[in-house]
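Asker: Here's the letter readout for the chains.
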Amino acid sequence: MRDPDGPRLFLAECRQRRSGHRGMTTKTRREFIQLLGVGGAVFASGLAGACSRNIRLPGGEAADDFFFVQLSDTHWGFKGPPNPDAANTLREAVAAVNALPHDPDFVVFTGDLTHTTDDDAERRRRMQEFKGIVGELRVKTHRFMPGEHDASLDRGKAYEENFGATHYSFDHKGVHFAVLDNVSDPAAAIGDAQLDWLHRDLTPIKPDAPIVVFTHRPLFDLYPQWDWATKDGARAIDLLQHWKNVTVFYGHIHQEHHFTTGQIAHHAAKSLIFPLPPPGSQPKRAPVPWDPAHPGRGLGFRDAATDEARANWRLTEHSVERTAMPAAARAY
Amino acid sequence: MGALLLAALLAASAPESTPERVVVITAKKFDFTPAAIELKVGVPVVLELHSGDRKHGFTAPDLKVDAAIEAGGVTRVRIVPDKAGTFEFHCNVFCGSGHEEMTGQIVVTP
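Quick mapping for you: the protein sequence lines, in order, are chains F and Y. Residue numbers are given in this note's numbering: position 297 of the first sequence equals residue 298, and the series is strictly consecutive. Residue numbers are given in this note's numbering: position 33 of the second sequence equals residue 37, and the series is strictly consecutive.
Hint data in this document are derived by calculation from the structure and do not stem from the laboratory. Heads up, the beta-carbon is just placed ideally off N, CA and C, and yes, glycines get one too.
Only some residues are given here: those of chain Y computed to face chain F with a beta carbon under 10 Å: (1) A64; (2) D70; (3) F91; (4) C95; (5) C99; (6) G100.
For lysine to aspartate or glutamate, the following DMTMM-like pairs were computed, each having C-alpha atoms within a straight-line distance of at most 20 Å: (7) F:K141 with F:E130; (8) F:K158 with F:E123; (9) Y:K33 with F:D119; (10) F:K285 with Y:E104; (11) Y:K32 with Y:E52; (12) F:K232 with Y:D70; (13) F:K232 with Y:E74; (14) F:K174 with F:D308; (15) F:K80 with Y:E105; (16) F:K158 with F:D121; (17) Y:K33 with F:D155; (18) F:K132 with F:E162; (19) Y:K59 with F:D119; (20) Y:K32 with F:D155; (21) Y:K68 with F:D233.
Take the sequences, apply the hints, and build the full model.
Answerer: So, in structure tokens, the structure goes:
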């Protein structure tokens, strides 16, 4: 059941955040978790509450609870009827992240940072502009990966110049994160070398340790008829199945989507340029038309927060629709 | 196994005694020509794939067809439709800003 005051409270809290005052609408993380138990959808005004608790990880070390924000498919440089406001959408998303009641530990961008162009100089210019805009995020830890629009025409050359490696891993507060590149090969393959790297990277990780994979395309065959797949994604999934606590966050399909393969959860994020229709819901994979009565409808970002055991992720979807659709949270 | 068609890369040439229909398809940013192909159930056909500019792909997942089309090269794919229906194909080698619209249909009639 949705809270009819959600949008008003959310915006009010954003204003309070900007002005340095927090009012009675702010909820602690514990209160937010309790809310999850009483309603199907909970608004984000209480997301990531003021209390940061120390928790004990399986290895025995203590770590703070945390959440990250996922932005995806910003397609900087796109121009066209599916988003006549494309010059502003990314900036609005940055402002919305900055207006969250509490800062995430980091922001991850799951590919298609820029819209493709055949002009190498223009591609680099778009990447520089993108970096300038996301540089306005208050949180300064950013994790990037390419989408096919960034990397497929030059096999990642311009991307690497601007953002670094296209695949890598890092650890954060007891979670191992692996970033996979399934786009620098224009045929959408991860490739033997990267799969070997992934195997070597994960080998030291305990079987029950929390692992998060960030990538652009779905690793599973979501809908190959629309190119929503990774050619050798099944090999990555087969490898990841050896670990018990793996979650994949990806983009590419411009909509929220949740799926499991074995014990692996796969979560697709909305885009920040135009939404695409549900897989197979219409003959052609064409953008959902822009609705001038609801600018930004279907666009948004999410945050993902760990539970105490790092075994689950609680996802909260944030809209950038101008009519201020409230965020909704669910636990996975 | 439920596959609607059998697909296989052709050998160097088909036996002369069994000439098969050849459908020539050209891929060029960002279209296939022709974009609509009509086939008949049980009648073998060879798809002869050319590129008019750069590397492209030709995939029809429902028909188990997946082939690369190299610039300057020719790729031949033999298929034998075993069921009627309309099946989408598209380019699956990213080729630029119109890549997502580079699609077509194979219509198989009884």
